[in-house]
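Below are the chains, spelled out letter by letter.
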Amino acid sequence: MNATVGFKNKGAIYNLGSVEQIPVGEGRTFQLGSLAVAVFRARDGKVLATQALCPHREGLLADGLVGNNKVVCPMHSYKFSLLTGQSIGNECEALQTYAVSLNQTGDILLTLKHQFCIEEANIYEPSQQSACSSLGSANE
Amino acid sequence: MGKQRLVVIGNGMAGARLVEDVLSRDGGALYDIVIFGDEPYGNYNRILLSGVLAGTHDPKDIFINPLSWYEQNNVKLHAGVRITEIDRVAKLVHGADGTIEKYDKLVIATGSAPFVPPLQNLYTETGSFKDGVFVFRTLNDCDSIASYAGQARRAAVIGGGLLGLEAARGLLNLGIEVQVVHLMPHLMEVQLDSSAGDVLRRTMERMGVSVHLEKNTTAVLGNGHVTGLQFKDGSMLDCDMVVISAGIRPNVALAKQAGLTIERGIVVGDDLASPDDADIYSVGECAQHRGQVYGLVAPLWEQTHILAERLTGRNPNANYRGSKVSTKLKVMGVELAVMGIKDAAHENDEVVNYVEPLRGIYKKLVIRNGRLAGAILLGDAAGAPSLLQAFDRGTILPDNRAELLFPLAAESLELSLEDMPDSAQVCNCNGVSKGQLVQAITNGCRSFKALCDATRAGTGCGSCKPQVQAILASAAGDLIIEDPSVNYYVPGLPFTKPDLIQAIKEQNLYSVSAVFDALGEGREDPTSKVGLASLLKTIWGKDYEDERDARFINDRVHANIQKDKTFSVIPRIYGGVTSASQLRRIADVAEKYNVPMVKITGGQRIDLLGITKEDLPNVWRDLGMPSGHAYSKAFRTCKTCVGTEFCRYGVGDSTTLGIQIEKRFQGLESPHKMKLGANGCPRNCAEATTKDLGAVAIEGGKWEIYIGGAAGSRVRKGDVLCVVDTHEEVLKYMGRFMQYYREHGKYLERTYDFVERLGIEKLKRLLVADEEGIGSRLDEEIQAAVEAYVDPWQEASEPVHPSQFVNIVNLATKREIENERHSRV
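From first to last, the protein sequence lines stand for chains A and Y.
Here the first sequence is numbered in our numbering, starting from 1 and rising by one per residue.
Here the second sequence is numbered in our numbering, starting from 141 and rising by one per residue.
Treat each hint with caution, since some may be false.
In silico DSS-like cross-links for lysine-lysine, where the CA-CA straight-line distance does not exceed 30 Å [what the hints assert, rightly or not]: (1) Y/872 <-> Y/813; (2) A/46 <-> A/70; (3) Y/677 <-> A/46; (4) A/79 <-> Y/589; (5) A/79 <-> Y/396; (6) Y/637 <-> Y/372; (7) Y/803 <-> Y/682; (8) Y/372 <-> Y/468; (9) A/70 <-> Y/705; (10) Y/372 <-> Y/216; (11) Y/143 <-> A/79; (12) Y/842 <-> Y/739; (13) Y/886 <-> Y/904; (14) Y/857 <-> Y/842; (15) Y/468 <-> A/70; (16) A/70 <-> Y/637; (17) Y/872 <-> A/79; (18) Y/857 <-> Y/886; (19) Y/703 <-> A/70; (20) Y/803 <-> Y/813; (21) Y/396 <-> Y/468; (22) Y/872 <-> Y/637; (23) Y/703 <-> A/79; (24) Y/842 <-> A/79; (25) Y/270 <-> Y/372; (26) Y/813 <-> A/70; (27) Y/904 <-> Y/605; (28) Y/464 <-> A/79; (29) Y/739 <-> Y/705; (30) A/113 <-> Y/705; (31) A/46 <-> Y/705; (32) Y/677 <-> A/70; (33) A/79 <-> Y/857; (34) Y/605 <-> A/70; (35) A/70 <-> Y/396; (36) A/70 <-> Y/464; (37) Y/372 <-> Y/464; (38) Y/645 <-> Y/813; (39) Y/872 <-> Y/842.
Don't read these hints as lab results, they were simulated from the structure.
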């Protein structure tokens, strides 16, 4: 995998590789160190990302049905907004959402915010210069 | 142009409902809405007043909209302000307190007032009722009656109609002796025929209410307070309290003063406007349409709906054409449903009657030209929902009239639910109790969908849906909001299945995304994708454009997802007949992949549980067996017994038949899964009588074909579709039924619901007698579907996408990345 790195606002940007890894309209789970992220490639062209596991019973959200900025968990059909992470129609914790974009060559760029890095101490951190690097990584 | 002013006189059930209907059609953007109410509250459900009197309902529970609702919706409410004058020239209304409001559109919904017969000695010198005499119409009346009853011993209710009996029940619950005095020869003569009235009288007398029929009250006895009643025939009745409930009269004084045409009520046309003034409308109990004044709530709902359509411009030409009158209620705790006419009116009208006086049950149907013209169900309203439906839609009734009077046990659920404690669990999948449902209904979930969405009840296996619906019906009563989306094929597109099929065919929509583009304004609804994919496959067969994102995960990877995110793999074992070499291969795979659990399934196959997504293609390749489709909404399996091959009781070759069935129908998509069975004799070892489709060998070399059996969340014995002579014929009629089910079943409707919905007699006529000549087309369609079948496990060697079986994209570990980074640098 060709994960390369950039920096922005003390956070870090991760290159998850080509969007072609995700079939149109579906999602896939990407594992960065101990952090798992679900990335969705919607039919309307939007690429969106959330935490990988459903807060209800840990279903893999990337295997869910996607449409109209929503995902339906494959486990028990809990529905979430991919824009806000809010649960729709169920009383359930909201999903963590992540900012993603595509670069010119169609690679997925995932931005992790600084404060998020601190909360997730075990995050894969590709650069010593990153704001989070002092917290170390479980993968080392 | 600025907003117009919509003024509504009357904040009762009609006036407030009209405002709700206008608001729900975005009428708030068109109108500044003002509403006047005579009573000093928000609006309440008058139907439940008897419950308040009886102490079964708290007054605060019968409010539909609290005062805050008016504020939130920018509706200006003048509570407790009576309108004294309508000035049609200046378009103003004048309130008794000096309030003046201008209107562009005026709706008169003043309802009705109790009719008080001219009795001697009824009034005191000051013009009020004599002490101890009441009418029963408002919350205030309820209050006065209840507080006076504390000191009373013996009450007389004048009027044995619906409201009178409701008042009687309330009084009885307050612990006093109750006498009902009625002018007519039998009770509730408007709704009941004389036999039903007689049954009801006996039931009431058993409860301790004395009934006096054909008594014309002429005077109230007593000086300071009431001591009795005097009748025209010279007899008298002792009582120290009187409730007058002798009918209602529309409140028309205001409209009359305004110069509008009045007959019994305020005359309106099909546009619900007065013929004298196109800007003045009337709805509810005060309105008279085509000679009819309605006193029930359902017609009133229809009127407010039509008027809101017109006022908001949603449908400026909406016309009200009168209502078919039907109602379902409780009289003194006794179930009653009435609809249409109560007696035969034509020579050829057919009357079906059942009377069981001891239990207070009376049932009557009046049938004209095969359709329901009227019905009375007293004491047991179990069949009411389906009869109401048949009455409203004018459908042809089944030939077996007894079925109509004595429906299946499932339909009588509603009765037992009322007795259930609040703590009782209704939805066993999501743990939702009756109390939670009732709470959600009280909080405003008044449609079935809103209730299920809010509580998750009915969203698991779905078998509790009839109970949830019944609880909604009893808790929301007439306030239920019909949700058109319950008839949609999928939740995200406003089409019934036939309409959707028509649109898809007309516009040549071959893929799920094409359907959303053409029919859903380009907005894909994720909860609708799977249902659409199933439908498109059924419509287009080979020409269907498969989009994998429209499939549920199971159908993307052809295995059944488990709670730990692994999958179960069930290879097809045709008819449950396997071999040593097949078993050896399965055993080898189980060992090679360290399969955590190997289990014999209920469908006579072997399940390998705990396979990771990545391993799926390898497992299939090593097995070298086709998919058992234990994961999709499709034909699943055909369970067999050994039949004539070994069994000493066998009368038919069930294993060969089972294998033929599986080979033919394997993987065939359908609205829901289909589990089949084939028995070699009627001992039913393969449980074919409780399968979606089953074949049972009977003596004489024949096969019975069962459809619509169930042994899941519901248990139901299937119905015999037909009896045939050969395996080929079994396959033919099973195929016909499957294709018909594929075309007409609602998405996720199991065969047992489907067969019940259509009725076995109809299915026999269509599929066996072939009365509409569709048999050969169904045979051809199913043949085409069978020929289009491809074993999905072939995707082991040819995945549809390189990452079809990728579970997690593992980005390189830190060390590797760093190396890479360094090497790049």
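Status of each hint after checking the structure:
1. Of the supplied pair hints, the one linking residue 872 of chain Y and residue 813 of chain Y holds, its CA atoms being roughly 19 Å apart against a limit of 30 Å.
2. Distance hint between residue 46 of chain A and residue 70 of chain A is fulfilled; the C-alpha atoms sit about 11 Å from each other, no more than 30 Å.
3. A C-alpha spacing of about 27 Å is found between residue 677 of chain Y and residue 46 of chain A, which places the hinted pair at or below 30 Å, so the restraint holds.
4. Distance hint between residue 79 of chain A and residue 589 of chain Y is fulfilled; the C-alpha atoms sit about 16 Å from each other, no more than 30 Å.
5. For the proposed pair residue 79 of chain A and residue 396 of chain Y, the alpha carbon gap of about 56 Å is over 30 Å, so the pair is violated.
6. Restraint check: the Cα-Cα separation between residue 637 of chain Y and residue 372 of chain Y comes to about 63 Å, which exceeds 30 Å; the hinted pair is violated.
7. Our distance criterion of 30 Å between C-alpha atoms is met by residue 803 of chain Y and residue 682 of chain Y, whose separation comes to about 19 Å.
8. In summary, the hint linking residue 372 of chain Y to residue 468 of chain Y is not supported, as the alpha carbons are separated by about 35 Å, beyond the 30 Å threshold.
9. Note on residue 70 of chain A and residue 705 of chain Y: the hinted pairing holds, with a Cα-Cα distance of about 21 Å set against a maximum of 30 Å.
10. As the CA atoms of residue 372 of chain Y and residue 216 of chain Y are separated by approximately 50 Å, the hinted pair breaks the 30 Å bound.
11. Distance restraint check for residue 143 of chain Y and residue 79 of chain A: the Cα-Cα separation of roughly 39 Å exceeds the 30 Å cut-off, and the hinted pair is therefore not satisfied.
12. Proximity of residue 842 of chain Y to residue 739 of chain Y is assessed by CA-CA distance (about 35 Å); at most 30 Å being required, the pair is judged violated.
13. Using a Cα cut-off of 30 Å, the hinted pair residue 886 of chain Y and residue 904 of chain Y holds, with the two alpha carbons roughly 20 Å apart.
14. Taking the CA atoms of residue 857 of chain Y and residue 842 of chain Y, the gap is about 20 Å. The hint holds against a cut of 30 Å.
15. Taken as a hint, the residue 468 of chain Y and residue 70 of chain A pair is broken in the structure, with Cα atoms around 41 Å apart against an allowance of 30 Å.
16. Of the pairs offered as hints, the one joining residue 70 of chain A and residue 637 of chain Y holds, with about 24 Å between alpha carbons and a cut-off of 30 Å not exceeded.
17. At most 30 Å may separate the alpha-carbon atoms for a hinted pair to count; residue 872 of chain Y and residue 79 of chain A exceed this at roughly 42 Å.
18. Using a Cα cut-off of 30 Å, the hinted pair residue 857 of chain Y and residue 886 of chain Y holds, with the two alpha carbons roughly 21 Å apart.
19. A threshold of 30 Å between alpha carbons decides the hint, and for residue 703 of chain Y with residue 70 of chain A the separation of about 22 Å falls inside it, so the pair holds.
20. Only pairs whose Cα atoms come within 30 Å are accepted, and residue 803 of chain Y paired with residue 813 of chain Y is accepted, the gap being roughly 16 Å.
21. For the hint linking residue 396 of chain Y to residue 468 of chain Y, the alpha-carbon distance of about 34 Å lies beyond 30 Å, and the restraint is violated.
22. Between residue 872 of chain Y and residue 637 of chain Y the alpha-carbon distance is near 25 Å, which keeps this suggested pair within the 30 Å criterion.
23. Under the criterion of a C-alpha separation no larger than 30 Å, the hint pairing residue 703 of chain Y with residue 79 of chain A is consistent with the structure, at around 18 Å.
24. Taking the CA atoms of residue 842 of chain Y and residue 79 of chain A, the gap is near 51 Å; set against the 30 Å cutoff, the hint is violated.
25. Distance restraint check for residue 270 of chain Y and residue 372 of chain Y: the Cα-Cα separation of roughly 20 Å lies within the 30 Å cut-off, and the hinted pair is therefore satisfied.
26. Between the alpha carbons of residue 813 of chain Y and residue 70 of chain A the distance comes to roughly 27 Å, so the proposed pair stays at or under 30 Å and holds.
27. Note on residue 904 of chain Y and residue 605 of chain Y: the hinted pairing holds, with a Cα-Cα distance of about 28 Å set against a maximum of 30 Å.
28. Between residue 464 of chain Y and residue 79 of chain A the alpha-carbon distance is near 41 Å, which puts this suggested pair outside the 30 Å criterion.
29. Our distance criterion of 30 Å between C-alpha atoms is met by residue 739 of chain Y and residue 705 of chain Y, whose separation comes to about 18 Å.
30. Restraint check for residue 113 of chain A and residue 705 of chain Y: the C-alpha separation of about 29 Å stays at or below 30 Å, so the hint holds.
31. Between residue 46 of chain A and residue 705 of chain Y, the direct Cα distance comes to roughly 26 Å. Compliance with the 30 Å bound is thereby established for this hinted pair.
32. Our distance criterion of 30 Å between C-alpha atoms is met by residue 677 of chain Y and residue 70 of chain A, whose separation comes to about 24 Å.
33. The hinted pair formed by residue 79 of chain A and residue 857 of chain Y fails the criterion: a straight-line CA distance of about 36 Å is larger than 30 Å.
34. Taking the CA atoms of residue 605 of chain Y and residue 70 of chain A, the gap is near 26 Å; set against the 30 Å cutoff, the hint holds.
35. Restraint check for residue 70 of chain A and residue 396 of chain Y: the C-alpha separation of about 57 Å exceeds 30 Å, so the hint is violated.
36. Only pairs whose Cα atoms come within 30 Å are accepted, and residue 70 of chain A paired with residue 464 of chain Y is rejected, the gap being roughly 43 Å.
37. A threshold of 30 Å between alpha carbons decides the hint, and for residue 372 of chain Y with residue 464 of chain Y the separation of about 37 Å lies outside it, so the pair is violated.
38. Between residue 645 of chain Y and residue 813 of chain Y the CA atoms are separated by roughly 25 Å; this keeps the pair inside 30 Å, and the hint holds.
39. Restraint check for residue 872 of chain Y and residue 842 of chain Y: satisfied, since their Cα atoms lie roughly 15 Å apart, inside the 30 Å limit.
Checked against the numbered hints given earlier, the structure breaks hints 5, 6, 8, 10, 11, 12, 15, 17, 21, 24, 28, 33, 35, 36 and 37 and satisfies all the rest.
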